[in-house]
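Engineer: Please put together the full structure from these sequences, using the hints given.
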Amino acid sequence: MHVAFRFAVAFAAAFGLAAAGSAGAYHTRFVAENCNYAAPTPTSTITRDGSAQVALRARYEGYQWAGGCWNDNDRDDSPGDPPENASTGGEGGDCSGFTFKVWRESLNEGDAGFYQWGMLRDVHGPYTAARFKSGDGAPNVTVSKSVLLKMDALASTGHIGMIYAKNADGTDQIIEAKGESYGTNIWTRTYRGDSSYSGVRRTGWSS
Amino acid sequence: MDNDRHFRRPTSLSFSFRLLRRPDLLGLLLGALAGLAAIGAAGSPGGPRGGGDGSPPALAVTHLPPLLTVPGEPVELRYDVACLTLPAGEEDEVCHPAGSVFVRAGAAGPFRELALHEEPGAAGDRFVASVPEALRTSPTGFSYYAVFRAPSGETVTHPAGGARAPQRSVPLDGVRTIDLGTHRFGHTRAAAARVAEASWGSGPGQVGLEQGRNLPPIGGASFDVDRSGAVHVLDEANRRLLRWRPGARTPESIPLAINGTLADLAVDEEGALHVLETVGEGREQPFLRTFGPDGAARGRIAVAEQGVQVRVGPDGPLVLEQPSGQWMPATSGGRPLTTAEQLAGGRAGRQLRGGGEVVVLRHANEVRLALVSPSGARRSWRLTSETPLAEVQLAEPLGDRLVVVVRVYTDERDEFLVAVLDRTGLVERFSLDSADWAETAPLSRFRLLGSSLYQLGSTPEGVFVSRYDLEVR
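So the protein lines, in turn, are chains A and B. Heads up: the first sequence at position 47 corresponds to 47 in our numbering, and the numbers run straight through without jumps. Numbers in our numbering are just positions in the second sequence, counted from 1, shifted up by 1000.
One thing to keep in mind: the hints can contain errors.
[Said to hold, decoys possible] Incomplete in silico selection of chain A near chain B, CB under 8 Å:
#1 V31
#2 N34
#3 T41
#4 R75
#5 A168
#6 Q173
#7 S206
Calculated from the structure, these hints are not laboratory results. These figures come from a predicted structure and were not determined experimentally. Backbone N, C-alpha and C fix where the C-beta goes; we use that ideal spot for every residue, glycine too.
Structural biologist: Pasting the structure below:
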């Protein structure tokens, strides 16, 4: 009985401590330990396919509210972050930070030029999903959804994702930073027909 | 999951032997280890990896298949290829993979190799091949697959099943063309009945919303209606299923051990619940999980690719998967299939329990639909529209008819258009409010049971399922 009691006490203590440690696992210090603030490299041209390649490097990585730094190891290095907490310093972009880096835009909203940001450069950019939806910033314009092309975006007031490919059933494969439970990946979505979403295009592609 | 770092564990044999002589310490140790094991088991994702040795592929291929063609139109096979091995900073370069497409008339016989050419004027690695007329005009259509070779020597086949499960294109001879004209928004049909209803929340009879207050709402991920008429709503935020028996005002709650997220749901003839998750751990593939009607777990299968939809086919659950763009079986005779077996069973159309397949192709403002047998299209339709058409939410046979639900949209509005088609053309059409305040799995908003069409809808107040009775005699 004595052993059983000690077993129960120890079980509860270990379970509690381990669970607490797990819940606190979002303090991975990913940004602090991995990311940088290097200046972007201005580039003369970018292509839609090139931006798709940039986006694919973030595939299987994490999601961080207000974030914009990831590596390319195909796993979320900061799983379980609480949602909508910008201070957790976890891996990944959020939807608009991801789009900003993939579209290779400037922090200066009046500059429509192209800037290559390193994956580990922690930058979100000046635009929220709602601002992308409105076509804010010199590089961005709104476009009718029926004519969207690869790497154009569909944006609502709360989310933005880029078109990676079209499917036979009329859905789109969207590459997006979806949320903490999702990370960054390609998923089939129906944003195109959803009236809460608008078409947005980064201008100036060379092809 | 590294939960062990918080604890000091015995590391020497002598210490372990001392423990055996100290029952009080032994109890403490066993208790601590059991506690850790319980956490580890709950948090470990486990499961097989999705592809090969788990290393990332060198190439990513996308392709929109010309599944249904009309006589006289040119047919080109186009592929976008992304080289995943380009160094960072050189993403706008091309890597010039080599590619061939293997084509044959119909669905059997030897394949003929066609060279894929880099698309003129394209800045990226884009390839195209024209299908020769002899193959294009074959009454049984043609089947094909493509193989790309990266500069590193690695090859990628699309669809992944290759010669065992090529993509198939079927000609639409005798197709019925229906001009839908310009859609009139705001003239929607009222439901015959609201058969299920729940407010948002985590209490009894409520359905949970996912994500935070600043992100688009996700909730009531999917639903299905079983043959008894019971409505099942997947409440993945609360890790459960809510089931409304016919006529019931309140649902039963069935706990489900699922991860979500934006999962799809299909209920089979025996009431088993098939839940298709869409998020795996890292490069691991998501799972198709099966539960008994009481929620007891029956097993899980790692789907071969990215699962989009799950439906019940003639021999168990079928999963629509990307990037192959094919319906793949998950089981055979009740036995879970391996990844290779799933890929080898890929088909362009969804196999129907009554035999044959239904094939869907939306292109611009046109939707093509066909009921297909091994010899070709038995019956086919083209819906053309002045108003843009988005996804085809549902295409289900109803006797010798086909019920179709497609989303109609402009930049400001959207509704669902329901069309009932038969051999003469359009039998019935009406519009439905999109009722999509919260996001669901992409193609999970409609189900057909008999001549009743069910819609999963949502508002800021909650989720509901409405029934519409089709005018079918």
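Engineer: Work down the list of hints and note, for each, if the structure agrees.
Structural biologist: Here is what the structure says about each hint:
1. V31: violated, 18 Å
2. N34: With a minimum Cβ separation of about 15 Å from chain B (threshold 8 Å), the hint on N34 of chain A is violated.
3. T41: holds, 7 Å
4. R75: holds, 4 Å
5. A168: Holds, because the Cβ-Cβ distance from A168 of chain A to chain B comes to roughly 5 Å (cut-off 8 Å).
6. Q173: holds, 6 Å
7. S206: Holds, because the Cβ-Cβ distance from S206 of chain A to chain B comes to roughly 6 Å (cut-off 8 Å).
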